[in-house]
Amino acid sequence: DAGITQSPRHKVTETGTPVTLRCHQTENHRYMYWYRQDPGHGLRLIHYSYGVKDTDKGEVSDGYSVSRSKTEDFLLTLESATSSQTSVYFCAIRTSDRSTDTQYFGPGTRLTVL
Amino acid sequence: SQQGEEDPQALSIQEGENATMNCSYKTSINNLQWYRQNSGRGLVHLILIRSNEREKHSGRLRVTLDTSKKSSSLLITASRAADTASYFCATEPTGPGNTGKLIFGQGTTLQVKP
Chain A
1 DAGITQSPRH KVTETGTPVT LRCHQTENHR YMYWYRQDPG HGLRLIHYSY
51 GVKDTDKGEV SDGYSVSRSK TEDFLLTLES ATSSQTSVYF CAIRTSDRST
101 DTQYFGPGTR LTVL
Chain B
1001 SQQGEEDPQA LSIQEGENAT MNCSYKTSIN NLQWYRQNSG RGLVHLILIR
1051 SNEREKHSGR LRVTLDTSKK SSSLLITASR AADTASYFCA TEPTGPGNTG
1101 KLIFGQGTTL QVKP
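Quick mapping for you: the protein sequence lines, in order, are chains A and B. Going by this note's numbering, 105 is the number at position 105 of the first sequence; the sequence numbering is gapless. Count along the second sequence from 1, then add 1000; that gives the number in this note's numbering.
Just so you know, these hints were derived from the structure itself, not from any lab. Wrong hints could be hidden among the right ones.
Some but not every residue of chain A turned toward chain B, in silico, with C-beta under 8 Å [as the list claims (entries may be wrong)]:
1. L21
2. G40
3. L45
4. Y48
5. Y50
6. K53
7. G58
8. D62
9. Y64
10. F90
11. Q103
12. Y104
13. P107
Cβ atoms here follow ideal geometry from the backbone N, Cα and C, with glycine treated the same way.
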């Protein structure tokens, strides 16, 4: 699992409240990604990071912000959660060597916004 | 919008049979990857094929890539009940930088009956 953990694993919150999801890696990889997974849409990229304090938007970034103050942690924040943000959120890291360019995924966080 | 379209959406076969899943995409790519997701779990990387490769094997997996048709197929031979999962193709589009951003298809759900 490339040493990736996500917290919390499950969260129920109310519309309008702020929510922060944490992704932690233990192997010092440069690239980290946040995806959301919804039925009928597969996985969609929200934001990604290519180093400390270096982040960029993905396909579905509206309503989300991210921060990376340390190599090992990549935080995803919903400033004011909405019901449309009910989803399963996956963090991933990217490894790269001569023969592979692989993303390893965390176990996911199931977020319900009521 | 989703880059990859997968076909079929669902597939049910008997143990020992072969399973074939197809993926089509829209833009030029650096590579195409296949991932597996067991119910309620994160994605697991299966195999990567680069744009200059046509076929790749890994154990019981065989992946083909036809860049002229912008399509790929994943063949699982001699399927087992443990192969029951959802399978996703993901493409890394060409473009500036080396961000490793992936665009996922909606997935094929495979059921292997014992």
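Violating hint indices (sorted, rising): 1, 6, 8, 9
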